[in-house]
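Participant: What follows is the residue order along each chain.
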Amino acid sequence: MLVQRDLQKQYTKFRLGYLWTIIEPLGMSMVLWFVFTMLLGPRKLGLQPYLLFLSIAILPWWWFTKGIAQSAQVFQKNKNQLRISTLPTELWILRVLLVTMMEFILSLPVIGVAMLITRTYPGPLIILYPVGVVVQFLLMYGLALTISSCAVVVPDLARIVRIGMRAMFYLTPVLYAMSNIPERIRPFAALNPVVAPIGLYRIGFWPQEHESATHYVISFTLCAIVLVVGILVFRRLEPRILKEA
Amino acid sequence: MARVHLTPTLESVVQFEKVGVRLPVRQRRRGGGRRDRLRRMAGEVTREEIWNLRDASFDVAEGEAVAIVGHPESGREALLRLAAGTLIPDEGVVRRRVPVVPVIGVGRALGRNYTVRQNIYLVGGLLGMTPEMVVERLPKIVKDSGLEGMVDKYLGDVPGRARGPLAWTIAMATEGRAYAISEAMVVGDPTYQERCWKIIEAKRADGVSFLVTSERPAHLLRFCERALLLDNDTILADTTVEDALERLPLLKRHKHDVGLAQEELADEDDDELL
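In the order they appear, the protein sequences are chains A and B.
Going by my numbering, 90 is the number at position 90 of the first sequence; the sequence numbering is gapless.
Going by my numbering, 247 is the number at position 2 of the second sequence; the sequence numbering is gapless.
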């Protein structure tokens, strides 16, 4: 409905720069790949081929940071619209998430390129890829609800989130695999809701290397908790959001 | 999920029952973000909220035009927003039988970076029109706001004086059965204003309800038959427009600068990643 329309509207902006949606992650993957295979060559990081391994996780991660960073400011940015909007307030968040998701989907050909370059093709478990997208979307929805409503009360939050996202990037197995983490602290690494969707993305290519079931359980539970918390926080703060508009 | 609930069985169009809302106090002078934060640490700036409207109870009947008379900070805008459902009360209930279209700064919701067509879709959608309705009414909106031939121009390139009429026409095109209007009852040059009057007076005659505030007493006198006089967050009287306007100068102005103020946030670049 309206989201679609909003999307279309955003789209017209993107179409001019569609190429950029591809070039940016591709370039970034290349740089990281170069750094981690050529420069730090001997220490094996992640799984092979590394280029593919990297681009598979980095695209959704891109979506994740963009979506969350933008939703932190969504209510401040759309003040004027919010003031006359008779539509559900959540729509603004959904809109941000959907637009960033479209960007993510449009940049998927990068993975195709990486597959061609490395001549690695996925197994049947690739069907879990869309599941990962859904899980990530729900997780982001919960997180975005929490962050965007709290950002209304604490305006500094938008900046904190940015720093937080950067820290998360290194704490999440994007550049490396779960198996790179020392056995001892692995369960703690799984205390990260993003682990689950990323695991789902990779499972199609490296079925034998997939994260252990306990990791999935921990991570999924966290996703669910984040979602529930998000909905609750948002309900509490919705009057406040409107007041600040 | 929907924010605005309707009560189809309600007898009046809008009903306020002991409604109150608190709004955050805004400091009149606001420096940049850092200075603001420093002041807050120093305890100079508080994030307290004060009552902007309390214990408001009234009914608006079908086809009635009610003027909300009061000083700018008396809570009149909050009252309109509560009626439209773009603000949620802290106490009491607001019931409405039909959606109330908020005509409260619609012009500000228009985006310069979108084309006229996109703006119509956006604002129309915000005000409750479905895409089909927009498609159907688009030609008429464009014609009535005098923007023929500029549909796909960016709004920034369209003469500034066309924005008011555009916002106004979109709001009226929603064909709502109730409106909450702040300031812009009629817009544009005098001839255009006359047309606006015709349109809203026709709506009145058709049984559409209105809640109106305006800095121009003449507009209220011409259009409304009933007035709510607001003083420092309470409804002082439910009376005729003449009476309310006469008593208004006797009321003290509000000392606080409460919520709903204009303040633009600098657009920050959020494309920074990693």
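Each hint should be verified, as a subset may be incorrect.
Claimed, not checked - If you want the footprint, here are the derived chain B segments under chain A, 3+ residues with CB under 8 Å: (1) 325 to 332; (2) 364 to 378; (3) 443 to 452.
Everything labelled a hint here was simulated from the structure, so no lab data went into it.
For every residue, glycine included, the Cβ atom is placed at its ideal position computed from N, Cα and C.
Participant: Take the hints in turn and mark each one as holding or not.
Facilitator: Here's how the hints hold up against the structure:
1. 325 to 332: With 5 residues closer than 8 Å to chain A, the region 325 to 332 of chain B meets the three-residue bar; holds.
2. 364 to 378: Since three or more residues must qualify, the claim that chain A covers the region 364 to 378 of chain B holds, with 9 doing so at under 8 Å.
3. 443 to 452: violated (count 0)
The earlier numbered hint that this structure contradicts is number 3, and it is the only one.
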